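Spelled out, the chains give:
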Amino acid sequence: MGANKNKSMISRITESRNFGLILGLIVLLIIAAIITPSMYSVNSIINMLQNNAVYGLLAIGEMMVILTGGIDISIGATLSLSGVVCCRLMAENPDVPSIVWILLALVIGIICGAFNGLIVGYFKMVPMIATLGTMYAFRGFSFLFSGGEWWFPHQFTEGYQAFATKKIIGLPSILWILILVFILAIIFLGYTRRGRRIYAIGTNKESSQVAGIKEARVTFLAMTICGMMAGLAGMLYTANYATCSYSIGDSYEMTAIAICILGGVSITGGKGKVDGVIIGFLMMAVITYFISLLPGLSVWSDAIQGAIIIAAVALNIFTERSAAKRALKERSALI
Amino acid sequence: MSGEKNTNTAPVRDLTVKQGFNLGKFLVSWEMVLVYILILINVVLMVSRPNLYFAGGTIQSIIQSGMDVCPLVLGMILILMLGDIDVSVAANMIFASMATGLCCQAGVPVILSVLIGILAGAICGAFNGFCVAYIGMPAVIVTIATSMLFRGIVKIVLDVNVLKVFPSFYTSVAWLNIAGIPLALILFLIMGAIFIFILQKSKFGRELYIIGNNATCAEYSGIDVKKTKLTVFIIMGAMCGVASIFFVGRMGGSVSSTMGTGYEMTAIAICVLGGVSTNGGKGKVYGPIIATLIMAFLTYTLGLLGVDANTRKIVTGFILIIAVLIPNVNKQLLDSLKLKFVYKGNKNVEALNVKTAKEVKALKETIAETRKDGSLSESDKNAKIKKCEDKIASLQRECKKQTEVWLSEQRDDQKKAKERFAAK
Numbered sequence: 001m002g003a004n005k006n007k008s009m010i011s012r013i014t015e016s017r018n019f020g021l022i023l024g025l026i027v028l029l030i031i032a033a034i035i036t037p038s039m040y041s042v043n044s045i046i047n048m049l050q051n052n053a054v055y056g057l058l059a060i061g062e063m064m065v066i067l068t069g070g071i072d073i074s075i076g077a078t079l080s081l082s083g084v085v086c087c088r089l090m091a092e093n094p095d096v097p098s099i100v101w102i103l104l105a106l107v108i109g110i111i112c113g114a115f116n117g118l119i120v121g122y123f124k125m126v127p128m129i130a131t132l133g134t135m136y137a138f139r140g141f142s143f144l145f146s147g148g149e150w151w152f153p154h155q156f157t158e159g160y161q162a163f164a165t166k167k168i169i170g171l172p173s174i175l176w177i178l179i180l181v182f183i184l185a186i187i188f189l190g191y192t193r194r195g196r197r198i199y200a201i202g203t204n205k206e207s208s209q210v211a212g213i214k215e216a217r218v219t220f221l222a223m224t225i226c227g228m229m230a231g232l233a234g235m236l237y238t239a240n241y242a243t244c245s246y247s248i249g250d251s252y253e254m255t256a257i258a259i260c261i262l263g264g265v266s267i268t269g270g271k272g273k274v275d276g277v278i279i280g281f282l283m284m285a286v287i288t289y290f291i292s293l294l295p296g297l298s299v300w301s302d303a304i305q306g307a308i309i310i311a312a313v314a315l316n317i318f319t320e321r322s323a324a325k326r327a328l329k330e331r332s333a334l335i
Numbered sequence: 001m002s003g004e005k006n007t008n009t010a011p012v013r014d015l016t017v018k019q020g021f022n023l024g025k026f027l028v029s030w031e032m033v034l035v036y037i038l039i040l041i042n043v044v045l046m047v048s049r050p051n052l053y054f055a056g057g058t059i060q061s062i063i064q065s066g067m068d069v070c071p072l073v074l075g076m077i078l079i080l081m082l083g084d085i086d087v088s089v090a091a092n093m094i095f096a097s098m099a100t101g102l103c104c105q106a107g108v109p110v111i112l113s114v115l116i117g118i119l120a121g122a123i124c125g126a127f128n129g130f131c132v133a134y135i136g137m138p139a140v141i142v143t144i145a146t147s148m149l150f151r152g153i154v155k156i157v158l159d160v161n162v163l164k165v166f167p168s169f170y171t172s173v174a175w176l177n178i179a180g181i182p183l184a185l186i187l188f189l190i191m192g193a194i195f196i197f198i199l200q201k202s203k204f205g206r207e208l209y210i211i212g213n214n215a216t217c218a219e220y221s222g223i224d225v226k227k228t229k230l231t232v233f234i235i236m237g238a239m240c241g242v243a244s245i246f247f248v249g250r251m252g253g254s255v256s257s258t259m260g261t262g263y264e265m266t267a268i269a270i271c272v273l274g275g276v277s278t279n280g281g282k283g284k285v286y287g288p289i290i291a292t293l294i295m296a297f298l299t300y301t302l303g304l305l306g307v308d309a310n311t312r313k314i315v316t317g318f319i320l321i322i323a324v325l326i327p328n329v330n331k332q333l334l335d336s337l338k339l340k341f342v343y344k345g346n347k348n349v350e351a352l353n354v355k356t357a358k359e360v361k362a363l364k365e366t367i368a369e370t371r372k373d374g375s376l377s378e379s380d381k382n383a384k385i386k387k388c389e390d391k392i393a394s395l396q397r398e399c400k401k402q403t404e405v406w407l408s409e410q411r412d413d414q415k416k417a418k419e420r421f422a423a424k
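Residue numbers (the numbering used here), protein chains in the order written: chain H, 1 to 335; chain P, 1 to 424.
Simulated from the structure, these hints should not be mistaken for laboratory data.
The structure presented is a predicted model; accordingly, all values stated were derived computationally and were not measured.
The beta-carbon is built from N, C-alpha and C at its ideal position, and this holds for glycine as well.
Keep in mind that the hints are not guaranteed to be accurate.
Under 7 Å between C-beta atoms, here's a sample of chain H residues computed to sit facing chain P [unchecked claim]:
1) G133
2) Y136
3) G306
4) A307
The following block holds chain H by itself, in its conformation from the complex (with noise of 0.2 Å):
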């Protein structure tokens, strides 16, 4: 701490890593800037943002279970599972207030968070494998719920449809909830003991269990979070749309991981922001908007986004081997 007082106000914004993710981004927005002029307005930003909302949701989530060193790959599923049943039943009983199917999107979330962390966190399961298996399973009892059928815009209620779509002083709900989600999370991880916790599980097992940190109940805790939030995703996603089917959220949890990897989010667990993240997913919805503008590339979009996580997954492991061997230095030129 001594040693980071002593530099400069420049080396220590140019060492930091949002720096790196910060002048990414700008210089993707000038590209942008110069090939597709058109993408510079109010209105596109914010249906841009809109759109991958449901990413910045997932993202939160998937980054509080990499936070304490796991994974998991079920998120699209149970976001799946959240939109139909809320799409079925709001179909069904079109009278029901709608804050019922937030309420209730936020429950199936929760219980499949739960499963996943009870299995993880309890019975010792590996993340990759248990998450794995849940998220057949949840993809399955999906199709079984929506009985194969699709739901319509038709068929949506303007007060559903609301908690995504409705503009509040300029701005769609969706984007308010992305806001709140975002502001919960910094607070949560930064100033609660239990986020804190959610920290020192991912940096080291050993030392936090003898410190008094009871692992499996703070495992538990993340993934429930993390199916909190997809459930969430789930039904803003529908409501965003106003279309259903059981196939939603295919392979959604591979961006919600790479949005993580972008901001800075450690694989290994323990190190990671928030706002890292929140960089990380302007980044990719920057990206993903950009490409299905230009003509003819909407086939890349795919190799292009795995091309960046590699990249950038390679340049966070060299700046925290540099920065290692820096402060090795550093501690050498003391003694």
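Following the hints, put chain P in place on chain H, whose structure we already have.
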């Protein structure tokens, strides 16, 4: 307290490896459990649809239906053995099929184009391996990204077209029977035998076990961990190329960019069901081979019993979870549960009960020995047995008494503690 067997000399540690064949252990080993499950599924199918089961060709077609993932399973065993994971195999397989398909379309000789397909798979695998081993990226992330990348490349090249020109032997690999045995099964067993040899008998295979158990330890004992990892990923990639032969044949000789999603998950699920630990360093090739057949029979049986595709997904998911959970149910877990519920968390009571149980067992053995002993007269025998039985009864009585005393003490303490806190 068993008396006679006590000696004062410390036992010499026996360092020779005991590899005696133990029938009891063999019958409850995971591989045998898998065989039982396979037989059970067969019986269920036989009883529920006897006409179909005994009709010619049913079993062959069931086995053929499950064979298109088999090369992926074999490759995945090696990857999981390292403690890594590869979820890009399906995309890699499609990439390899695309390479072969494009070559065939351009009129390249058959053998060359098949080799080019396998080579393309191996190159993709090498890219994964380079990122994981030499850059040090986590395998999950790399392979998630490369699965997007490979499939993305296929999408760019093929767009919405379907490749239809493939060597004619592709379809016969997937559909032909030789003397009633599916050709795919024969090839699978041959490949399985090679992998058994690699993993169990070769130096390379034994190194994989060491790396999976403790990579640092392996590094210090002179194993080039990075090179081995890269080799394993290249083998996995080549197996993806081989899998493309089975897969394209199964699909009737055509390939498009959206085919084969979810194959990576099936392959991993089969490996886990086959007893390969995802933490690395544990597992054999026999298990996954049997598990591949189980998966084929299970999918087919559920389909015949009128269960639709998505319910089958639920079943697959839960089978996966249960298969991983079962090895966790071991003696340690049972003991801790017993301590919690039978002995109310009191370790003194547990220790006393365990000790008494041991002594009673020893005494019972003495009784049995006395009964068989021919040198003693009848009355002597009876007297000795009587003595032992009395001892057992008294031991059990004492144990019960002491247990009750301790438990009541514990209850009193808890009551007192509660009162104290309530008073505050």
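The hints, checked one at a time:
no. : hint : result
1   : G133 : 4 Å, holds
2   : Y136 : 3 Å, holds
3   : G306 : 3 Å, holds
4   : A307 : 6 Å, holds
In terms of the numbered hints stated before, the structure departs from none.
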